[in-house]
Amino acid sequence: GAVVSQHPSRVICKSGTSVKIECRSLDFQATTMFWYRQFPKQSLMLMATSNEGSKATYEQGVEKDKFLINHASLTLSTLTVTSAHPEDSSFYICSASPQGDQPQHFGDGTRLSIL
Amino acid sequence: ELKVEQNPLFLSMQEGKNYTIYCNYSTTSDRLYWYRQDPGKSLESLFVLLSNGAVKQEGRLMASLDTKARLSTLHITAAVHDLSATYFCAVEGSGTYKYIFGTGTRLKVLA
Numbered sequence: 105g106a107v108v109s110q111h112p113s114r115v116i117c118k119s120g121t122s123v124k125i126e127c128r129s130l131d132f133q134a135t136t137m138f139w140y141r142q143f144p145k146q147s148l149m150l151m152a153t154s155n156e157g158s159k160a161t162y163e164q165g166v167e168k169d170k171f172l173i174n175h176a177s178l179t180l181s182t183l184t185v186t187s188a189h190p191e192d193s194s195f196y197i198c199s200a201s202p203q204g205d206q207p208q209h210f211g212d213g214t215r216l217s218i219l
Numbered sequence: 097e098l099k100v101e102q103n104p105l106f107l108s109m110q111e112g113k114n115y116t117i118y119c120n121y122s123t124t125s126d127r128l129y130w131y132r133q134d135p136g137k138s139l140e141s142l143f144v145l146l147s148n149g150a151v152k153q154e155g156r157l158m159a160s161l162d163t164k165a166r167l168s169t170l171h172i173t174a175a176v177h178d179l180s181a182t183y184f185c186a187v188e189g190s191g192t193y194k195y196i197f198g199t200g201t202r203l204k205v206l207a
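Note that the protein sequences, when read in sequence, are chains A and B.
Count the first sequence with the numbering used here and you get residues 105 to 219, in order.
Count the second sequence with the numbering used here and you get residues 97 to 207, in order.
Isolated chain A (complex conformation):
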């Protein structure tokens, strides 16, 4: 079955640093990937749509300069949290689908903790 891999699974870093999270589709190509954020005991909130070869589309209220998304190939999207602060601490999950109309497959998530 379709597999989506995220790396790293967990990262702890100091305030002010930038953190990059990778999302890979292992056995299929994905022109579109999605990034979600989940705060403790809350639901998943869609942050942005990552489009291969073009700019990402951000949801309302999500700072595009804060959360940089790059989708340089059909199997890899990266989310960079720039100048991270404690309020950016969250669980970040990506998803992808072999075709737009097929169900999304979710990665295992990345737990980001900013000290």
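Please note that the accuracy of each hint is not assured.
Stated by the list, open to error - Not the full set, but computed from the structure, chain B residues with beta-carbon under 7 Å of chain A: (1) Tyr115; (2) Leu139; (3) Leu142; (4) Lys194; (5) Phe197; (6) Gly200.
I should point out that these hints are in silico values taken from the structure, not numbers from a laboratory.
All residues carry an ideal CB built from backbone N, CA and C; glycine is no exception.
Once you have looked at the hints, place chain B on chain A.
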């Protein structure tokens, strides 16, 4: 704007009992998904509902979709402790492929 609500938010139930979780959404969609999330983990896909009247069952869980009422239900039959988790529904925005998640239902099954 598509909004998705679930109720109840919290559910504590005895083993062996039945219960239903409801998922309501605000705009037209024919595609709805149910997921389970264990603490500290990502999502586990439970059901994919792609048309009005769709009903799917797996073990003690059964999901249905009524697109006219914009309502999906997740029915739990004879609950067991292993079903304790948070359950989310997600609705796909028409023509967008974006998933909007419900608020989630935290289920605790008491032995």
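- Item | Proposed interface contact between Phe197 (chain B) and chain A, which counts if any beta carbon pair is under 7 Å | holds (5 Å)
- Query: Given Leu139 (chain B) as an interface hint, is the shortest Cβ-Cβ distance to chain A below 7 Å?
  - Reply: Check passed: Cβ of Leu139 (chain B) comes within 5 Å of chain A, closer than 7 Å.
- Given Tyr115 (chain B) as an interface hint, is the shortest Cβ-Cβ distance to chain A below 7 Å? violated (20 Å)
- Item | Interface hint for Leu142 (chain B), Cβ within 7 Å of any Cβ on chain A | violated (11 Å)
- Would the hint on Lys194 (chain B) stand, with a C-beta cut-off of 7 Å toward chain A? holds (6 Å)
- Item | Interface hint for Gly200 (chain B), Cβ within 7 Å of any Cβ on chain A | holds (5 Å)
Checked against the numbered hints given earlier, this structure breaks hints 1 and 3; the rest are met.
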